[in-house]
Amino acid sequence: MNKQIRIVDTTLRDGMHAASHQFSPDDMAEIAKNLDQAGIDTIEIGHGDGLGGSSFQYGFSSYSDEDYLKAVSSVLKNAKLGVLLLPGIGTMKDLELSACYGAKVARIATHITEADVGEQHIKLAKALGMEAVGFLMMSHMAPLEKLVEQAKLFESYGADVVYVTDSAGAMVPEEVLNAVKNVREAVSIKIGHHAHNNLSLALANSLVAIEAGAELVDGSCKGMGAGAGNTQTEVLAVVLAKLGYKTNVDLYRIMDVADDIVSPKMARSQVIDKNSLTIGYAGVYGSFLLHALRAAEKYGLDARDILVELGKRKTVGGQEDMIVDVAYELRQSQKVNLPADNN
Amino acid sequence: MGEKIKAAIIGPGNIGIDLMYKIMESRFLELDAVVGIVPESEGLKLARQNGIKASHEGIRSIIGNKEIKIVFDATGAKPHLTHAPLLKEDGKIVIDLTPAAIGSYVVPSVNMEEHLNELNINMITCGGQATIPIVAAINKAAGVKYAEIVATISSKSAGVGTRQNIDEFTQTTARGLEIIGGAERGKAIIILNPAEPPIIMRDTVYTRVENPDSEKITDAVLEMTKKIQSYVPGYRIKVPPVIDGDKVTVLLEVEGAGHYLPKYSGNLDIMTAAAMAVGDRLAEKLLAKANRELS
Numbered sequence: 001m002n003k004q005i006r007i008v009d010t011t012l013r014d015g016m017h018a019a020s021h022q023f024s025p026d027d028m029a030e031i032a033k034n035l036d037q038a039g040i041d042t043i044e045i046g047h048g049d050g051l052g053g054s055s056f057q058y059g060f061s062s063y064s065d066e067d068y069l070k071a072v073s074s075v076l077k078n079a080k081l082g083v084l085l086l087p088g089i090g091t092m093k094d095l096e097l098s099a100c101y102g103a104k105v106a107r108i109a110t111h112i113t114e115a116d117v118g119e120q121h122i123k124l125a126k127a128l129g130m131e132a133v134g135f136l137m138m139s140h141m142a143p144l145e146k147l148v149e150q151a152k153l154f155e156s157y158g159a160d161v162v163y164v165t166d167s168a169g170a171m172v173p174e175e176v177l178n179a180v181k182n183v184r185e186a187v188s189i190k191i192g193h194h195a196h197n198n199l200s201l202a203l204a205n206s207l208v209a210i211e212a213g214a215e216l217v218d219g220s221c222k223g224m225g226a227g228a229g230n231t232q233t234e235v236l237a238v239v240l241a242k243l244g245y246k247t248n249v250d251l252y253r254i255m256d257v258a259d260d261i262v263s264p265k266m267a268r269s270q271v272i273d274k275n276s277l278t279i280g281y282a283g284v285y286g287s288f289l290l291h292a293l294r295a296a297e298k299y300g301l302d303a304r305d306i307l308v309e310l311g312k313r314k315t316v317g318g319q320e321d322m323i324v325d326v327a328y329e330l331r332q333s334q335k336v337n338l339p340a341d342n343n
Numbered sequence: 001m002g003e004k005i006k007a008a009i010i011g012p013g014n015i016g017i018d019l020m021y022k023i024m025e026s027r028f029l030e031l032d033a034v035v036g037i038v039p040e041s042e043g044l045k046l047a048r049q050n051g052i053k054a055s056h057e058g059i060r061s062i063i064g065n066k067e068i069k070i071v072f073d074a075t076g077a078k079p080h081l082t083h084a085p086l087l088k089e090d091g092k093i094v095i096d097l098t099p100a101a102i103g104s105y106v107v108p109s110v111n112m113e114e115h116l117n118e119l120n121i122n123m124i125t126c127g128g129q130a131t132i133p134i135v136a137a138i139n140k141a142a143g144v145k146y147a148e149i150v151a152t153i154s155s156k157s158a159g160v161g162t163r164q165n166i167d168e169f170t171q172t173t174a175r176g177l178e179i180i181g182g183a184e185r186g187k188a189i190i191i192l193n194p195a196e197p198p199i200i201m202r203d204t205v206y207t208r209v210e211n212p213d214s215e216k217i218t219d220a221v222l223e224m225t226k227k228i229q230s231y232v233p234g235y236r237i238k239v240p241p242v243i244d245g246d247k248v249t250v251l252l253e254v255e256g257a258g259h260y261l262p263k264y265s266g267n268l269d270i271m272t273a274a275a276m277a278v279g280d281r282l283a284e285k286l287l288a289k290a291n292r293e294l295s
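For the protein sequence lines, the chains are A and B, in the order given.
If you read the first sequence in my numbering, its first letter stands for residue 1, the second for the next number, and so on.
If you read the second sequence in my numbering, its first letter stands for residue 1, the second for the next number, and so on.
No lab work stands behind these hints: they were computed from the structure.
Model, not experiment: these values are computed from the prediction.
Some hints could be false.
What the hints assert, rightly or not - In the DMTMM-like style, the derived pairs of lysine to aspartate or glutamate whose C-alpha atoms are separated by at most 20 Å in a straight line are: (1) B:K6 with B:E293; (2) B:K6 with B:E67; (3) B:K69 with B:D90; (4) B:K238 with A:E309; (5) B:K238 with A:E329; (6) A:K314 with B:E253; (7) A:K77 with A:E131; (8) A:K190 with A:E145; (9) B:K156 with A:E145; (10) A:K123 with B:E168; (11) A:K298 with B:D246; (12) A:K146 with B:E196; (13) A:K93 with B:E168; (14) A:K312 with B:E196; (15) A:K93 with B:E178; (16) B:K285 with B:E113; (17) A:K314 with B:E255; (18) A:K314 with B:E196; (19) A:K298 with B:D244; (20) B:K285 with B:E3; (21) A:K77 with A:D250; (22) B:K247 with A:E297; (23) B:K140 with B:E223; (24) B:K156 with A:E149.
Claimed, not checked - Facing chain B, from chain A, some residues (calculated, C-beta under 7 Å): (25) Q57; (26) P87; (27) G88; (28) I89; (29) V117; (30) G318; (31) D325.
Where is the CB? At the ideal position from N, CA and C, for every residue including glycine.
Whole structure, please, built from the sequences with the hints as guidance.
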């Protein structure tokens, strides 16, 4: 078996969630340069919530999209530079800016049921000569028929690739298998999978996705990403090599990048703790984690209660403002039980 | 007096028909016609059932009718670009509910009085109508350096127009936050949520202010909320202003009046309610002027 798998490294985009969006352009350039030398196919960069993501809602980064694009585009030799855009947050102007800096891959991310908000952006990406990827977030939240319908929409807009994206790290292998298989049968474009490790299933899900026909899989060094992070790029590369897949990744070099370059820049270790585990259990957007921890502290609550409630309310990606809303309501309803209010 | 000013609606879609029911209750406006371009349109049928003239011959059927003084355009940005010059030439005042943004941006609770002499008035976006007044209030009380709003609406209440022009929503709303809200810089985010039953429109307003005086800000926000409630009864502050250093957060929700559209679609209701508030005010003024000329 010599099937070629494209590894899309998202340390510098999804990993920004874990870094509270605080990598500097120099950090990014250094990591990107080393990822490129290690043979990574595509390197996605930017704010965790994509182009235009720097905000009160998602957290400000100290630098602009342009600063990051400029820094990284100047160091890449072989790897393709990728950006993520969530319609409703970023705009076509941001995509044009990325193209100016040589971005070659545009991932247009919508909620699993809302692909049509990305039609314009997919078309623009193609017009700008980029590879266009329809990125269906929170894939666990809709039935298979819906997933298939939305994947076909992205294909009809001209996307080159469609992703089954497990933004909440809530899917189990069988679900990923069925999802990718059904999309595989319905579209003729390539399929990708983006996993999160909240249930310790990111690597397993990535492998299952490949077995079911995915040709692109995402990873991040040390697993750095929202919630409990992503599939660990260096582990993925090693396992794929053992299984006989081709990735063009130099195994020692990618391990070095993870341990020697990325690890020292990590503000917190990337683990599955009670809160990230709850994200996977409740099926809520991975980047809610740090916001929920802050709200829990502010309102004197258990972050897990906030996360579970957010799951019950079927919140989607990007609804970070619901965290304060829910925390406030929980606080109000629990008022009598809190010792501070009994005096 | 008993006299009313005659008005027409172009575009018998969801927005147009919701507006129709609102105008039917107006003190100052009389809805003369609803026009569209699709003969079998459900909206035109509803107009007829309510005793209102309906035509599928589009704008042609009202141009030249000098009795119609005010026209609400509830079509889309592109058709409005064609409609605007025709209506102007015909001397009609147009209240534009599309994102075409030819005329001045107007939020009834903030800057309506300044624009009553203009022939084209733009209603910005639903998110803009819900959040710009709050930013304007905070700006007056505390000086807003940066305003950011997040509008979350149910997927069901986001029509094709919104979906295919989602960038227009964010860019137009952001401009409105600056021009009318008074923020030095504005940013807008829109999120669609497909949950069933559909969620009520909710908005979060974040601002960075110069003088974070908690009491002044809270008073200003509550006062503005009352003003908005006078024309959008389902407008509510969910969490009182949270002041965190120089950051002010206000969470609000907008429940629709349920005239034609379901109550969850507060985003559509606030547009039609705001347009209606402007139309009513214009009509009131035109009537006062007519009465002065008579006496």
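Please check whether P87 of chain A passes as an interface residue: C-beta within 7 Å of a C-beta belonging to chain B.
5 Å, holds
Assess, step by step, whether the Cα of K77 of chain A is no farther than 20 Å from the Cα of E131 of chain A, and give holds or violated.
Distance of about 18 Å is within 20 Å: holds.
Against chain B, is I89 of chain A within 7 Å by beta-carbon distance?
Holds, about 5 Å.
Holds or violated: K6 of chain B and E293 of chain B, Cα atoms, limit 20 Å.
18 Å, holds
K140 of chain B and E223 of chain B: Cα distance at most 20 Å?
Answer holds: K140 of chain B to E223 of chain B is near 12 Å, not above 20 Å.
Chain B contact restraint on D325 of chain A - CB to CB distance below 7 Å:
5 Å, holds
Just to be careful, I want the Cα atoms of K314 of chain A and E196 of chain B compared with a cutoff of 20 Å; is the pair within it?
9 Å, holds
Assess, step by step, whether the Cα of K77 of chain A is no farther than 20 Å from the Cα of D250 of chain A, and give holds or violated.
Measuring from Cα to Cα gives roughly 15 Å; hence the hint holds.
Can you confirm whether the C-alpha distance between K156 of chain B and E149 of chain A stays at or below 20 Å?
17 Å, holds
Once the shortest beta carbon distance from G318 of chain A to chain B is found, is it less than 7 Å?
5 Å, holds
Please work out if K69 of chain B and D90 of chain B have their alpha carbons no farther apart than 20 Å.
It holds: about 9 Å lies between the C-alpha atoms, which stays within 20 Å.
Between K93 of chain A and E168 of chain B, is the straight-line Cα distance small enough, at 20 Å or below?
11 Å, holds
Checked against the numbered hints given earlier, the structure satisfies every one of them.
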